[in-house]
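Novice: What follows is the residue order along each chain.
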Amino acid sequence: MGDFKDNCVFCEIIRGTTPADKVYEDDLVVAFWDAKPVRPIHILIVPREHIPTLNDVGEGSAILSHIGKIATVIAHRFGVRDSGYRFFINVNAGGGQVVFHLHAHVIAYQPDRPA
Amino acid sequence: MDDCVFCKIVQGSLPSRRVYEDETVVAFHDVNPVGPIHVLIVPRTHFPTMNDLAEDDKILSHMGKAARNIARDLGIDRDGYRFYVNVGRGGGQVVFHLHAHLIAGRSLGMALIKIAVGFAIVSRKLLALLGLADRRM
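Each protein sequence line maps, in turn, to chains L and U.
Quick note: the first sequence, position 63, residue 46 per the numbering used here, numbers continuous.
Counting from 1 along the second sequence, just add 33 to a position and that's the residue number in the numbering used here.
One or more hints might be untrue.
Claimed, not checked - A few chain U residues that face chain L, going by a derived Cβ cut-off under 7 angstroms, partial list only:
#1 Asp110
#2 Asp112
#3 Asn119
#4 Gly124
What the hints assert, rightly or not - Pairs of lysine-lysine residues, derived as BS3-like cross-links and limited to a Cα-Cα distance of at most 30 angstroms, are as follows:
#5 Lys(-12)/L x Lys91/U
#6 Lys5/L x Lys(-12)/L
#7 Lys52/L x Lys41/U
#8 Lys19/L x Lys52/L
#9 Lys(-12)/L x Lys19/L
#10 Lys41/U x Lys91/U
#11 Lys5/L x Lys52/L
#12 Lys(-12)/L x Lys52/L
#13 Lys5/L x Lys91/U
#14 Lys52/L x Lys91/U
#15 Lys19/L x Lys5/L
What the hints contain is simulated information worked out from the structure, not anything from laboratory work.
Beta carbons: idealized from backbone N, C-alpha and C, even for Gly.
Build the full structure now, drawing on both the sequences and the hints.
Specialist: Here's what the structure looks like:
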């Protein structure tokens, strides 16, 4: 997994050099609590590969489907899979993107965080 | 599905303002837009929610690709846009046929900044043209 970019906070979280409250990881993605949650549940799902924005995802890439699948896994784990949640990606500054390493937000109201 | 408004739009039995379609998805303007641009990207196959996708399904990646293409065609890919999927009632889903929202619109703040920068550039050029730039206070 050598696609790290210097000065990228999400690459640092993936490498483990910046701390984060991780909730899931596999070969392709890492998921962790947003440092400034806007809802009782606010998880970010980040590909290990440094892809700046959704615009930069390769033509034949299946990474977004994998991110979506992991969103359902995380929603299930936090008890909101059936009650509901929002899954979204902000693209570029005008779309609200702050960290330029592709990431999906999973947010939900129900505070069903496991111990 | 018989009673699904998005299935009817996909089949063409309900009208919509389409912006994109291919063999897998159809995209059209939301009838109640929340921004200057609000497009819905809908798979032709009826999946109620994102939770109902099979383990190895690639439809979400395809919807993301469609969003990139639509954003580029509408000229909003660089400024930016939001791509989001509401899942279940608690997530704000209203129509239970999987769909992604693509929302964009130049924010007023950004527009004002661009106007101010543009004005400053034009002013400098004008002053330079008049030979006044070096004589300013």
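Novice: Out of the numbered hints, which ones does the structure contradict?
Specialist: none
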